[in-house]
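When you get a sec, could you build the whole thing from the sequences and use the hints?
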Amino acid sequence: MSKVVFYFGVIFLLNSSVQGAVLLVGKNQTITSLNKAIQLAKEGDTIRILPGVYKEKNLVINKRLTLLGEGSPLFDGENKYEILLINANKVEVSGLSFDRSGYSAMNDFAAIKVIDTDSVTISNVQIFNAYFAIHVSNSTRTQIHDNDIIGSPASEQMTGNGIHLWKCSQAHIYNNNIRGHRDGIYFEFVTDSKIEKNFSRKNIRYGLHFMFSNSDYYGHNKFIDNGAGVAVMYSKNVTMLNNWFQQNWGASSYGLLLKDITDSHIEKNKFIRNTVGVLMEGSSRLQVKQNLFQANGWAMKVQASCDDNLFEKNNFIGNSFDIGTNGTLVLNKFTQNYWDKYEGYDLDRDGRGDIPHHPATLYSMLIEQNPTTLLLFRSFIVTLLDKAERAIPSLTPELLRDERPVMKQLLL
Amino acid sequence: MKLTRYVLYDILRNKIVLLYAAFLFLITAGLFQLEENSSKAILSLLTIVLTVLPLVSLIFTTIHYYNSYEFIELMLAQPLSRTRVLLSEYFGLVLSLLGAFWLGVGLPVLFYSPDAIGISLLITGSLLTLVFISMALFTSVHARDKAKGIGLALLLWFYFSLIYDGILLMLLFALSDYPMEKLTLLLSALNPIDLARIVIMLKMDVSALMGYTGAIYKNFFGNAYGTIFTLGVLILWAAFPLGLAKRKFLKKDM
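Keeping their order, the protein sequence lines are chains W and L.
Numbering-wise, my numbering puts 306 at position 306 of the first sequence, and it's gapless, one number per residue.
Offset between the second sequence (1-based) and my numbering: plus 1000.
Because the hints were derived from the structure by calculation, they are not lab data.
Some clues are possibly wrong.
Selected chain L positions facing chain W (Cβ under 8 angstroms, derived; list incomplete) [said to hold, decoys possible]: (1) L1168; (2) M1170; (3) S1176; (4) T1184; (5) Y1217.
The beta-carbon is built from N, C-alpha and C at its ideal position, and this holds for glycine as well.
Here's what the structure looks like:
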């Protein structure tokens, strides 16, 4: 009997601590400002915010609270202030809107800033015209999902990043829609995190930018029409699956820029209509498999500083150039890819070409040295030079070849 | 007008133009049938338009001119102005070769790939036909000897489709330390085949052209001014040799 009473007591206590009290904030309520509500609230309370425009600044949440917006109440930073700072564990923010958080050349002002926390969730939030939209540092298990972030594209210096994470781990960022910021999603020193199903477009610099961030997973994201595409630098154990890189156009714009990346997987991605689909520099032991490269200027530029990479079962279709490189050293392996420019034959009918394919042409090497010669692209003389080079390779790296290219487009 | 009709009948009677049209049609339709995606077929067509078309226009015009030399002499004995006789020859040739081009290439392209690339291929192909007919007319009027005329026509073809680009390539490498982008724009205007190729390349390889150097061409040729410029220069390339041919023809002792 006493045991039962004890259990009931425990459940009762748990209940009260989980639910806490509910505070209402609204123009016609007793509490009219969120700031007041935060001061009144106790650990574990929920604050419900009714529709309206709230001009509040420098709000600090330093206890475990849940902020629920109803009918997306709007917080206006009047281009001067940082709006919300979260500095406590297990805080949840959802359903709010933020507009015009301030710009500062000295501080990284953000619409929502998260510092030194564990398990904070930010969801269904709309952020407009922010400098930084969501700025997270030194936090673990942060969840950021289903947010709409739309910046006002000014110059690169005047705009911050959409979702900015610094020194975090186990973050989960999904279903966000980001555009018009400097970098859509920015990671630095972020580990064991997942980035899924985000849509990042028309950002001034990169759609996704990460550095020194190991063991992260990126899947089903779309990066379209960003100033310089996606940049991935100085990281290990990165997995990129089923992402979509499209229409990143410009002189130094890449679908995916890989710099000093090791032991990573790049699989089943689509690279469509980029100036350069993938640029690889100083990267090792990457598995590049089952990707589609279509209608890019260069499908891939693999610099001679890359080694031990495997390119297998990719489709190369309708690219102006398939592979570009800057030297004769080739330490990578290409096998069983489909090249629409392959001119070989398949006499034994096993679906694989009988002679190797050399994806780098003489002209693609010439262009690397002297870009002005792009003017002669598709001219008769260039075709002749390429044919002669193919018969007797002298300038193109002999080892850059696919021994057994497949004859038919691969089903990916 | 009547004279043009006679020239046209004369050309059509020997059936070579019809064969040419059939040949173009077979190749074009075959390419679209064989290739999985039409952009690759267009790519092969581009080679044909840039090499075969000028060659056929040059050779056909030259041979036709020398073969109808007696007819021309006869016409000049009539009370007709020399300009009219020459222009009739020109338009007869233009109508027949353009007709063959549109039948052989135009119909299949409009059927299989009626997009911006296809249309610009047809327009530049037509203009190239005009350009090379007037060039061949110029050389034929100049050279009395048939062998010399055909030799000159072949030389022109080699020059514009191969030698010029070779010199340009060497020049670009020799002067690679200097900013050559603006100059190459100018140099490309000095070869109608290059100009036609660039117009189509701008549509076909738009992604590759968005790099730094390409962006300059794209900015120049890609806008309305660039289009007017290229069309204008190509028309000049057709009009100028024709004008020279006319000048020579007026003074020529037949």
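Here's how the hints hold up against the structure:
1. L1168: holds, 7 angstroms
2. M1170: violated, 10 angstroms
3. S1176: holds, 5 angstroms
4. T1184: Interface hint status for T1184 (chain L): holds (5 angstroms vs cutoff 8 angstroms).
5. Y1217: holds, 7 angstroms
Hint compliance for this structure: hint 2 is the single one not met.
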